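From first to last, the protein sequence lines are chains F and E.
First residue of the first sequence? That's 76 in the working numbering, and the numbers climb one at a time after it.
First residue of the second sequence? That's 33 in the working numbering, and the numbers climb one at a time after it.
By construction, these hints were calculated from the structure, which means they are not laboratory data.
Note that the structure is a prediction, hence the values are computed from the model and not measured.
Be a bit skeptical, because a hint or two may be false.
[Stated by the list, open to error] Derived pair list, reagent style BS3-like, types lysine-lysine, alpha-carbon separation capped at 30 Å: (1) F/81 <-> E/279; (2) F/212 <-> F/170; (3) E/194 <-> F/77; (4) F/81 <-> E/51; (5) E/37 <-> F/77; (6) F/81 <-> E/34.
Below, each chain spelled out in residue letters.
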Amino acid sequence: MKRLSKCFLNMLIVLYLGIIYFSGVPETNTLNTRIKKQASAVALGIGIWPSWSMFAPNPIRFDSKSFVEVTYKNGVMKEHDVEIEPKGPLAPFRKARWMKYAQDNLRSPNQKGLLDPAIRYFRNKYDDKANPIVSIKIKRKWSEVHPFSNHSIPSISKTPRIEKNEILITKTIGE
Amino acid sequence: MKTLKMMINKWDNFFFEEKPTEGIALFRIVWVGLLLMYYFADIGNIQDFYGPHALISLDTVREQFPMLHANIFHMFNISYEFTYFVVTVYGLSLALALIGLFTRPALTVVLLCMTSLHQRNIWLLSSSELLMRTITLLLIFSPCGHSLSIDSFLGNFFPRFKNKRTWSVWVVRIIQIQVSVIYLWTVFHKLKGATWLEGTAVYYATRLEDLTNFTVPYLMNSLIFLKIMTWGTLIIEFALGFFIWFKKWRKSVLILGIIFHLGIQYFMSIPFFELYLIALLINFFTPEELKAFADKGVNTFIQGIQESTLGTEIKEKIVRTLRENHETVK
Chain F
76 MKRLSKCFLN MLIVLYLGII YFSGVPETNT LNTRIKKQAS AVALGIGIWP SWSMFAPNPI
136 RFDSKSFVEV TYKNGVMKEH DVEIEPKGPL APFRKARWMK YAQDNLRSPN QKGLLDPAIR
196 YFRNKYDDKA NPIVSIKIKR KWSEVHPFSN HSIPSISKTP RIEKNEILIT KTIGE
Chain E
33 MKTLKMMINK WDNFFFEEKP TEGIALFRIV WVGLLLMYYF ADIGNIQDFY GPHALISLDT
93 VREQFPMLHA NIFHMFNISY EFTYFVVTVY GLSLALALIG LFTRPALTVV LLCMTSLHQR
153 NIWLLSSSEL LMRTITLLLI FSPCGHSLSI DSFLGNFFPR FKNKRTWSVW VVRIIQIQVS
213 VIYLWTVFHK LKGATWLEGT AVYYATRLED LTNFTVPYLM NSLIFLKIMT WGTLIIEFAL
273 GFFIWFKKWR KSVLILGIIF HLGIQYFMSI PFFELYLIAL LINFFTPEEL KAFADKGVNT
333 FIQGIQESTL GTEIKEKIVR TLRENHETVK
């Protein structure tokens, strides 16, 4: 291998390892904090930011679902799961994207910016020209831990909740 | 000074040792095969996630994700035509990368389309998509199309196509380091969670409403078994991040890791991620071990052709060309 290309490759290796180290390292000192910002910006830009939680720190933080409650002009109220139920052999794979959106992001207090676009989307999806929607709510509900078969383990059968069941947004149409 | 020289030599040996290209080529086929599976699964979501009337508009993406990021959707007016164009180009490039035709340009286009679709709606992304981008980016820098590919076959006739026999394995090393980081990262963060420490995490994880797959009724209701599984997860993940680097334990840890991920796939419905990690573990087999495996595959293929009902002349011609190509690559 040519000396110049080896030199370039060495720089690339150091840069890559630097990005994965500094963008993931906790901000424990000034150096980490300073370099972390730059490293994270590069990692975000090219789409390789580190996020490998894999049910850490606790698996239970995933166990909430989001629902859309639609009220029509004639007073009829319908509740829909935000996640669609795809069909076919690839259904679980398709559903995974919806689960990520609804369970990790839409319900999250840190992602309030997603609520208005969601209202717009679900209004288009569920509207009925003959009986228009008058209000839409997006709600978060926690799922109880369900036992496998007919047995559960009494000491851990209650779901520890990290957020309350609540209405995340209510929009009256025509507001 | 001596220590520094020794360290430089070790670094050099670790990243730039010359190894056969079959290993990375085999990984390319497995990896791109999985990407294609993901692609077909995602096709049904185009209108909901990427089109002009998607769940999240491009304006919302710009507003909520203002950092500079790679996304070709920002450069064009978003329309169904453009979205389907990107998706079609993405699919074709994946097919080319799988068969190894114009492999490097194809992988570059794959990465560009993939990153754009992912960053078009980042609120759908999980660790699977992150792995897809990271590993595809690294593959571009490797000669993964120099073996087990149409490029390598064409290399016999046209100098434009190359079929290198060996390469310095730095990309594989980075992939290995990346895989280690994934396991060590998750163990580090899991140790901060009470459920992992008290041994109940697997109880909750395997009972999450949308993630349950199959169960083993008696065992999954036994607190002792669940505790063993929880702490076992931490031990196996740590081993996959650390002990995998030691020659003595490498194969045992690899086998344990593959069983571990298959086990998760059995109990939990987590699409792709476990499959991706199993595929990534391939890179911990030595290039020589993978080359032996690839040779075996090529020989079986040749034998299959010899035993087929094709005309003798055609059979001989195909087998000769395949042998010549394989010998050249060797």
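So, going through the hints one by one against the coordinates:
Taking the CA atoms of residue 81 of chain F and residue 279 of chain E, the gap is about 27 Å. The hint holds against a cut of 30 Å. With a C-alpha separation of about 22 Å, the suggested pair residue 212 of chain F and residue 170 of chain F falls inside the 30 Å cut-off, and the hint holds. About 18 Å separates the Cα atoms of residue 194 of chain E and residue 77 of chain F, which keeps this hinted pair within 30 Å; it holds. A distance of roughly 16 Å separates the Cα atoms of residue 81 of chain F and residue 51 of chain E; the hinted pair therefore holds under the 30 Å criterion.
The suggested pairing of residue 37 of chain E with residue 77 of chain F holds, with an alpha-carbon distance near 20 Å, which does not exceed 30 Å. Taken as a hint, the residue 81 of chain F and residue 34 of chain E pair is honoured in the structure, with Cα atoms around 22 Å apart against an allowance of 30 Å.
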